[in-house]
Every structure is written in structure tokens, then in C-alpha cells.
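Q: Take 201 as the starting number for the sequence shown in the numbering used here and just add one per residue.
There's no promise every hint is true.
Unchecked claim - Think about it this way: if two alpha-carbon atoms lie no more than 25 Å apart in a straight line, the pair counts; the simulated DMTMM-like pairs of lysine to aspartate or glutamate are:
| hint | residue 1 | residue 2 |
| --- | --- | --- |
| 1 | K233 | E215 |
| 2 | K263 | E230 |
| 3 | K233 | D244 |
| 4 | K263 | E335 |
| 5 | K233 | E485 |
| 6 | K263 | E412 |
| 7 | K263 | D334 |
| 8 | K263 | D244 |
| 9 | K233 | E483 |
| 10 | K233 | E481 |
| 11 | K263 | E318 |
| 12 | K233 | D219 |
To be verified - DEER-style ranges, computed between Cβ atoms:
| hint | residue 1 | residue 2 | range |
| --- | --- | --- | --- |
| 13 | E330 | N467 | 34 to 40 Å |
| 14 | M383 | I482 | 35 to 41 Å |
| 15 | T284 | D442 | 37 to 43 Å |
No lab work stands behind these hints: they were computed from the structure.
Each residue gets a CB set at the ideal place from its N, CA and C atoms; glycine is no exception.
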Amino acid sequence: MTALILHGGAGARRERNYDAEVAHMRQVVEVMKARLEAGDSALDVATAAVVLLEDSGLYVAGKGASPNLAGAYELDASIMDGATRRAGAVAALQGFRNPVLAARAVMERTPHVMLAGEGAALFAHDQGLEPIADEAAWFTHAGQGEDNHPPGTLSHGTVGCCVLDAQGRLAAATSTAGVFGKMPGRVGDTPLPAAGTWADARVAASGTGQGEYFIRVAATAQVGWRVGTGQTLAQATQAVIDDIGAVGGDGGLIALDAQGNIAAPFNSQGMKRAWLTPAGEIEVEVFGR
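Produce the complete structure using the sequences and hints provided.
A: Here it is in C-alpha cells:
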């Protein structure tokens, strides 16, 4: 049995058209379905899916980034392997195309969980990751105009993927670039395992929304803890979204458990998402619940 769910951010607005994102998310799931059927691991599929989301320029991650108030592009990502509980992350990474690949390299090639800023960039360079030659030509500023948060306030912008492979292993990966107006050096939940990304033997989760609130409630790890106490995945994820709402935040979660159950609650207008069921069906939604 295999299953997968991905998201392209919880900042969707009803006045915008998301046909391009819907088509792209479906295509990504189709590609990942083939990889799962070929026996690829959950970790490899989660990584590959997020790379495609980053490279599309359609979401506020990777190529879709906008600059911060100082004009710099700072990218964050994390990845977690449920089978081993290993995790890797980068924060405020500048100059490289795929922060999720840098996060995975941190997990697999260092004794650390997170590298940030200049240290993350030096590591990415040493690992031979692909640099961005011309930032002005590369970045698409995908998130500008998507949400209604004024510059300098909290806003949305994330992609993520949770995967269950044929061996029963779970993995999750999340990547973000923020939107125009964030303060230099701002780090949200995305590169923080337990806040923006989580995977263990029972559940994998990825968050999208106002990251400061996801940090304050340990959002994705809380999903894992709740499932561990006997709650269903639907109950656990909804409780976390309710918790985020209770402290004033909005956004959404995608999650997947070891039985192939999928959940994707949100309290924002919409959340771009697509999933592969254990029966092999692919579905895509932006506003429907």
C-alpha cells in the first residue's frame, strides 16, 4: 500500500484562478505515483515532489520566492524520515535553487539537524548543490497578491509533501520562501521539525500558514502525539488547526498515517493540495473540504 499528499500553500483566495497550480499538482502526484509503484522510498519521493514544487515558480517556495524587506531571497526547508526519526533543515538560505536538497544533505551528511544563513550557503556550495546564477531572472514572486496581509505582517507561503511507501515507511518535507515584506532573518515554522514538518512511525505531517503560530503550538509534532494517544488522523489534525485558530493564527495541515489515511484541514479561505489514495486515485482541491 502506498499513499501521498502534497500542498502548495494555504494562502489561496477565492478571487484568484488556480488552474495552473491544480494542473501542476496533479502532474506531480502522477509522477510520484509512478515512482512509488516502482518501489522508491518515502524519503526519496517526498524530496522529489518538493523539488518539483520549488522549481515550478507557482508557489511561494523555491523559484516562487519574493525578497524580504532588505531585498534578499531567504529560503527555508526541512525534511524528516519517519523510520529513523532523522531530520535535516536549512533556514535563511540564500543563493541556491532547491533548499529541500540542502535540508536532506544536512540530514544525511552532517551530525546536525539545521544549518542557517551563511553557514547553510557554504554547506550547500560544498555539497555541489545548484546555485542561482541570476536571481532577478530566476524568481517569479508567486505569492504577491495572494494573501491580504500587509507587508511586515504574518502571511502564508509554503509547499510540502507527506508520503507512505510500499515498505510502510513515512516521510515528510516542507519548503518555503516567505512573501514580500518579511523582516530580514525571519524564520518561521517550515525549517523546524515538530513545528512545520514531522514524521515518525505512525504519521507524517507538513504545515502551511502563519508560521509563528505553528511554532507556538508545535503543530506537526502535536499531530503525531495526538495520534499516539489514540486519536484518528482526522481528529488529531483538526484539533491542531483549532489550536492554531484559538491563538489567532490561520493556515492548514496535510497529514498521512501508516494505514494510508489522509487529512488536510485548514481554517484559511483555501489550501492548494493534491493526494494519492491507497486505491490509486488522484484528487486535487483548492477550496473544497
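Q: Now look at each hint and say whether the structure bears it out.
A: Hint-by-hint comparison with the structure:
no.	hint	result
1	K233 - E215	violated (31 Å)
2	K263 - E230	holds (22 Å)
3	K233 - D244	holds (12 Å)
4	K263 - E335	holds (9 Å)
5	K233 - E485	holds (18 Å)
6	K263 - E412	holds (23 Å)
7	K263 - D334	holds (12 Å)
8	K263 - D244	holds (21 Å)
9	K233 - E483	holds (12 Å)
10	K233 - E481	holds (10 Å)
11	K263 - E318	holds (20 Å)
12	K233 - D219	holds (21 Å)
13	E330 - N467: 34 to 40 Å	holds (36 Å)
14	M383 - I482: 35 to 41 Å	holds (39 Å)
15	T284 - D442: 37 to 43 Å	violated (31 Å)
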